[in-house]
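Engineer: Read off the chains here:
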Amino acid sequence: MIDDKVKAVLLAAVIVMGLMTAGQYWLEHRVVEPFSELGVLGPDQLLGDYSSNVTAGQNVTLYGYIGNHEGAVTYYDLRVKLGNLTTVVNGTVWVDAPSVADFRAVLRDGQNSTFPVVLSFPQPANGTKIIFELWELDTSSGSFLYSGLWGQIILNVTAS
Amino acid sequence: MIRPSRVGIAALLLALTLLSATAPLQLALSASVDSAQLYSEIGSTFARVHTIEGEGGNVTGVVGQLNQALAFVATGEAYETTAPDQAQALYQQAEFIIQSVNQELPGVESQGIAAAQSEVSWLAFTLAALAAIGIGIYFFGGRIFWSLWIRSHRNWRVKKS
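Going line by line, the protein sequences match chains A and B.
Heads up: the first sequence at position 108 corresponds to 108 in our numbering, and the numbers run straight through without jumps.
Heads up: the second sequence at position 8 corresponds to 8 in our numbering, and the numbers run straight through without jumps.
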């Protein structure tokens, strides 16, 4: 007959397999660190190919990128605002100004979306900020809350 | 400052017209809607979608439809001052989609609950099967092993060394 030690080893293997099966079930339903992404992309939809000088009246094309890794479907509102060098925006403070462009999207976990933003500036101005803020719908209050994610591009608008 | 493409709008309108013609749903559309009202409706519908996804529902289809509705509202907003009739048509299409989604959601929810229950049942079955295999090995492992060993060695002969 099989030795008791061998039986014990086989039983242990079966128990480990059971634990791994149960563990896999629970892990696949759990997001360890939920987060969202916001990116400001240049005209070629790449990071870093932004122009820093534009002439008044010239179109500036940028793209806003949103990625959802929250582990749940999320309703985003990407707000584009204008400011100057004194305009403050950070992870807790958003710009208290109306949006010049507004893009909304519902994204499932793992999904992303890119929005084109075409702006032009009629008057020359140094240090014009194009600010991107990401807001998320809070389902309990029914209103959008600032996610703390933001990005900005600083432009010098010169006379044409 | 945002310039929606006329070709894009025409394509969207055509797609929605085809959808409206083929959809079996009979939906009552309100006479006049505005973007704020539609955004509010999309927000409420999203809240339901969020809950249903949490219950295990597959919301891929309805999320796509909500984004389609959002695109119609955004395009309609861009046309509100220059072409109000076109804007209103786009808003009506968005309203139609939102109502369609709201009609689909109970089905998505029940499918999700059923899928979640079946997943839990499968897990329970797997664990029970593993436990049964373990018990089986403990009680019958030796007998099975040696009977198989004897069967596989039945042709062996012992020779004098």
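Where hints are given, some of them may not hold.
What the simulated footprint calls covered on chain B by chain A, stretch by stretch (three residues with Cβ under 8 Å from a Cβ of chain A suffice, anywhere in the stretch; the number is not a length) [unchecked claim]: (1) 41–53; (2) 57–69; (3) 128–142.
Worth flagging that the hints you see were computed from the coordinates, not collected in a lab.
From the three backbone atoms N, C-alpha and C, an ideal C-beta is built for every residue, glycine too.
Engineer: Give me the numbers of the hints this structure contradicts, sorted from smallest to largest.
Structural biologist: Violated hints: none; all satisfied.
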